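Asks: Protein chains in written order, with our numbering: chain A, 2 to 376; chain B, 2 to 376.
Since the hints were made in silico from the structure, they are not lab data.
Predicted, not measured: the structure shown is a model, and the values here were computed from it.
Heads up, a few of these hints could be off.
Derived DSBU-like pairs: lysine-lysine, alpha-carbon spacing no greater than 30 Å straight-line [unchecked claim]:
1) A:Lys187 with A:Lys147
2) B:Lys357 with A:Lys147
3) B:Lys187 with B:Lys357
4) A:Lys187 with A:Lys357
5) B:Lys187 with B:Lys220
6) B:Lys357 with B:Lys220
7) B:Lys147 with A:Lys30
8) A:Lys187 with B:Lys220
9) B:Lys187 with A:Lys187
10) A:Lys147 with A:Lys357
2 protein chains.
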Amino acid sequence: MSSDCQPSRPGTLSYEQAGVDYDLIDPLKVSAQRAAAATAGHLARHGFAEVQASRGESAYVVDVGPFYIASIVECLGSKALVADEMASLTGRSWYEGIAQDTIAMAVNDLITVGATPLVVQAYWAAGGSDWFGDAARARALVAGWKAACERCGVAWGGGETPALAGIVEAGRIDLAASCTGLINPKQRLSVGDRLAAGDAIVLLDSSGIHANGLSLARKLLPRLPQGWLTEVAPGLGYGEALLAPTLLYSPLTEALWAAGIVPHYCANITGHGWRKLLRHPGAFTYRIDTLPPVPPVLGFIQRHAQQDDREAYSTLNMGAGFAIFVAAGEAARVVAIAQGLGLGARVAGVVEAGPKQLLIEPLGIRFGDDDLQLR
Amino acid sequence: MSSDCQPSRPGTLSYEQAGVDYDLIDPLKVSAQRAAAATAGHLARHGFAEVQASRGESAYVVDVGPFYIASIVECLGSKALVADEMASLTGRSWYEGIAQDTIAMAVNDLITVGATPLVVQAYWAAGGSDWFGDAARARALVAGWKAACERCGVAWGGGETPALAGIVEAGRIDLAASCTGLINPKQRLSVGDRLAAGDAIVLLDSSGIHANGLSLARKLLPRLPQGWLTEVAPGLGYGEALLAPTLLYSPLTEALWAAGIVPHYCANITGHGWRKLLRHPGAFTYRIDTLPPVPPVLGFIQRHAQQDDREAYSTLNMGAGFAIFVAAGEAARVVAIAQGLGLGARVAGVVEAGPKQLLIEPLGIRFGDDDLQLR
Chain A
2 MSSDCQPSRP GTLSYEQAGV DYDLIDPLKV SAQRAAAATA GHLARHGFAE VQASRGESAY
62 VVDVGPFYIA SIVECLGSKA LVADEMASLT GRSWYEGIAQ DTIAMAVNDL ITVGATPLVV
122 QAYWAAGGSD WFGDAARARA LVAGWKAACE RCGVAWGGGE TPALAGIVEA GRIDLAASCT
182 GLINPKQRLS VGDRLAAGDA IVLLDSSGIH ANGLSLARKL LPRLPQGWLT EVAPGLGYGE
242 ALLAPTLLYS PLTEALWAAG IVPHYCANIT GHGWRKLLRH PGAFTYRIDT LPPVPPVLGF
302 IQRHAQQDDR EAYSTLNMGA GFAIFVAAGE AARVVAIAQG LGLGARVAGV VEAGPKQLLI
362 EPLGIRFGDD DLQLR
Chain B
2 MSSDCQPSRP GTLSYEQAGV DYDLIDPLKV SAQRAAAATA GHLARHGFAE VQASRGESAY
62 VVDVGPFYIA SIVECLGSKA LVADEMASLT GRSWYEGIAQ DTIAMAVNDL ITVGATPLVV
122 QAYWAAGGSD WFGDAARARA LVAGWKAACE RCGVAWGGGE TPALAGIVEA GRIDLAASCT
182 GLINPKQRLS VGDRLAAGDA IVLLDSSGIH ANGLSLARKL LPRLPQGWLT EVAPGLGYGE
242 ALLAPTLLYS PLTEALWAAG IVPHYCANIT GHGWRKLLRH PGAFTYRIDT LPPVPPVLGF
302 IQRHAQQDDR EAYSTLNMGA GFAIFVAAGE AARVVAIAQG LGLGARVAGV VEAGPKQLLI
362 EPLGIRFGDD DLQLR
């Protein structure tokens with residue numbers, strides 16, 4: 002349960018203006034975090050203990066003796082609303098990609114702590130039974146869910162398909178995934194203690210907006226001459242570009258382990274854009290010298306939302322979907338292994354001793370400790 | 002992902018008439034179940050395997066070597082709508098109990114396979130940030146969640162608190178819980194192979210409607226002279242009675258293990274009422290000779306929905322929240338241990354060789370294999 006505050010300037014469309022008011026959510030999150038932390042002692046009844054450093058990380062980790070268990074539940078968010086709009090316009094279902102997005106939200110977080118995802122459970126809460134009556138859409142959701150499980154090597158354990166009229170809006174669906182995995186052997190645990198000055202920062206390309214920033218993206222519609230069909234690149238409409246499925250990064254983290262590479266830290270770049278590179282609790286300076294290409298849809302959003310680079314990089318992934326911090330001597334191999342799996346990747350910078358800050362040198366941007374408060 | 006079909010008769014308010022149409026959901030569920038089953042082989046990549054018999058049971062189980070891991074995600078359903086109505090009428094929050102209900106949905110299912118619940122994740126998807134701005138309600142939700150975790154001895158790992166305007170209705174919240182546990186030692190695994198003719202059926206009392214049948218319960222409102230405040234028993238209004246929190250049964254399953262008792266099978270009595278006693282895949286006759294007392298709110302619903310006993314017992318828990326099938330010689334000890342924990346319990350009947358059927362003798366009711374199709 003993380004929190005976020007971000008100033009907005011006149012003329013720009015910020016994340017808060019897009020409808021999510023963290024000032025209202027934050028007090029609940031803080032009280033929930035405290036209450037949750039206070040329950041850790043119960044594990045002792047069963048002879049186990051939490052990995053305390055995992056509180057505040059992207060997945061919760063418990064030491065059960067021979068290995069660690071990691072678990073998580075993650076929400077898709079509002080990307081399904083774009084799929085619904087595009088279905089009306091194009092007459093086809095976009096839920097195959099939406100399924101991948103939902104699983105990616107859970108799996109890409111779970112792997113940051115060094116876990117191998119094993120089981121995914123589906124949470125598909127519809128606004129009424131009739132949602133499931135659209136057979137083509139339902140088939141797309143099932144097919145996409147299965148394909149994403151295959152890509153990640155996880156078993157789809159089951160799930161819930163409630164019809165929640167009065168809670169979920171008619172014609173809509175609230176999608177989430179829970180995921181359980183093992184950190185096995187235990188040396189794979191990655192909760193930050195290995196990170197050191199001199200480590201390289203490898204950034205993995207994103208496929209587009211992934212599943213964060215969609216409220217902002219939807220808010221731009223009135224500004225676009227042809228709405229969802231406005232081109233962001235030749236032949237590529239805005240809606241279609243937004244719906245590029247989130248990349249799944251667990252095949253890479255598994256391949257790294259198989260190659261004998263243990264990341265020193267990982268960060269899934271989601272709701273706070275590049276500020277997520279500051280997630281590690283320690284005091285380090287992260288110096289970026291090489292930027293990934295910005296996917297057309299994200300450059301398009303930045304322009305139409307009239308965001309400067311600082312605001313764009315603080316909100317959107319801007320081409321970087323996942324960060325792997327690794328010993329400098331292994332960075333080139335990480336890039337090669339990623340590319341071998343079809344994932345774009347580059348050595349983008351270095352970890353240095355110094356005050357906690359992120360320096361995006363090609364853009365002259367600095368984010369400090371105050372810019373990300375997750376704990 | 003289970004399915005359900007049930008005929009309705011003129012004059013009565015059935016579950017289908019209450020707004021959930023399984024004919025629309027079932028094809029999706031079947032295709033999802035098939036797709037999910039096809040993913041099990043992925044576990045072999047990691048050196049593990051599913052417990053195939055857990056497909057169709059209430060939680061999914063994976064063999065990871067030294068023990069089994071069980072996981073689940075469960076939805077609260079529409080009970081929160083009753084809490085919202087009662088909050089308007091009474092000026093207080095009812096979300097402390099709602100939190101317990103949500104955790105009970107996950108924990109009471111997880112324990113059926115013999116698992117010790119270890120970690121719960123919270124999924125609280127609100128219709129907008131402002132939901133979390135009601136401080137008293139938010140505090141009640143957090144306090145109830147923490148208290149239920151304490152009662153079950155689980156660690157609250159974290160969770161998601163998205164604001165989903167456009168997906169979740171304004172002013173509402175979609176609540177779910179995921180739960181991960183261990184079956185440790187492995188002899189605790191309970192997926193049906195131990196059940197045998199001669200076993201006793203111990204029924205644990207429910208506290209009321211629990212969290213299944215709320216759509217039906219809400220549908221009755223127009224028939225009630227004083228709405229939510231209509232008395233179901235002296236001094237007890239309908240709304241308040243409905244909101245009695247679901248009982249948590251994991252303290253009992255843990256206590257049974259500590260006492261050296263391994264249930265032969267367990268069934269959480271939820272959405273299909275007493276037909277859930279037919280959940281085991283084998284062919285046995287379940288003969289019930291002793292009924293638990295019917296909570297006033299359930300008798301009230303039966304009367305106002307004009308349901309006969311057969312329909313009521315096929316839809317609602319009618320006083321039985323959980324069933325433990327155990328060696329006959331241990332049944333009295335199970336009852337005593339339950340009572341020591343403050344849970345009502347009774348030896349209600351016996352498992353016999355014979356065709357698959359449930360005979361509720363005091364009421365002259367028979368449910369056959371056709372009355373429950375979960376797999």
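Asks: So, for every hint listed, does it hold in this structure?
Replies: For each hint, the structure was consulted:
1. Distance hint between Lys187 of chain A and Lys147 of chain A is fulfilled; the C-alpha atoms sit about 29 Å from each other, no more than 30 Å.
2. A C-alpha spacing of about 34 Å is found between Lys357 of chain B and Lys147 of chain A, which places the hinted pair above 30 Å, so the restraint is violated.
3. Between Lys187 of chain B and Lys357 of chain B the alpha-carbon distance is near 28 Å, which keeps this suggested pair within the 30 Å criterion.
4. Restraint check for Lys187 of chain A and Lys357 of chain A: satisfied, since their Cα atoms lie roughly 28 Å apart, inside the 30 Å limit.
5. Taking the CA atoms of Lys187 of chain B and Lys220 of chain B, the gap is near 44 Å; set against the 30 Å cutoff, the hint is violated.
6. Restraint check: the Cα-Cα separation between Lys357 of chain B and Lys220 of chain B comes to about 33 Å, which exceeds 30 Å; the hinted pair is violated.
7. At roughly 13 Å between alpha-carbon atoms, Lys147 of chain B and Lys30 of chain A fall within 30 Å of each other, so this suggested pair holds.
8. Straight-line distance between C-alpha atoms of Lys187 of chain A and Lys220 of chain B comes to about 52 Å, which puts the hinted pair past the 30 Å bound.
9. With a C-alpha separation of about 21 Å, the suggested pairing of Lys187 of chain B with Lys187 of chain A holds against the 30 Å cut-off.
10. Taking the CA atoms of Lys147 of chain A and Lys357 of chain A, the gap is about 41 Å. The hint is violated against a cut of 30 Å.
Hints 2, 5, 6, 8, 10, counting from the list given before, are not met by this structure.
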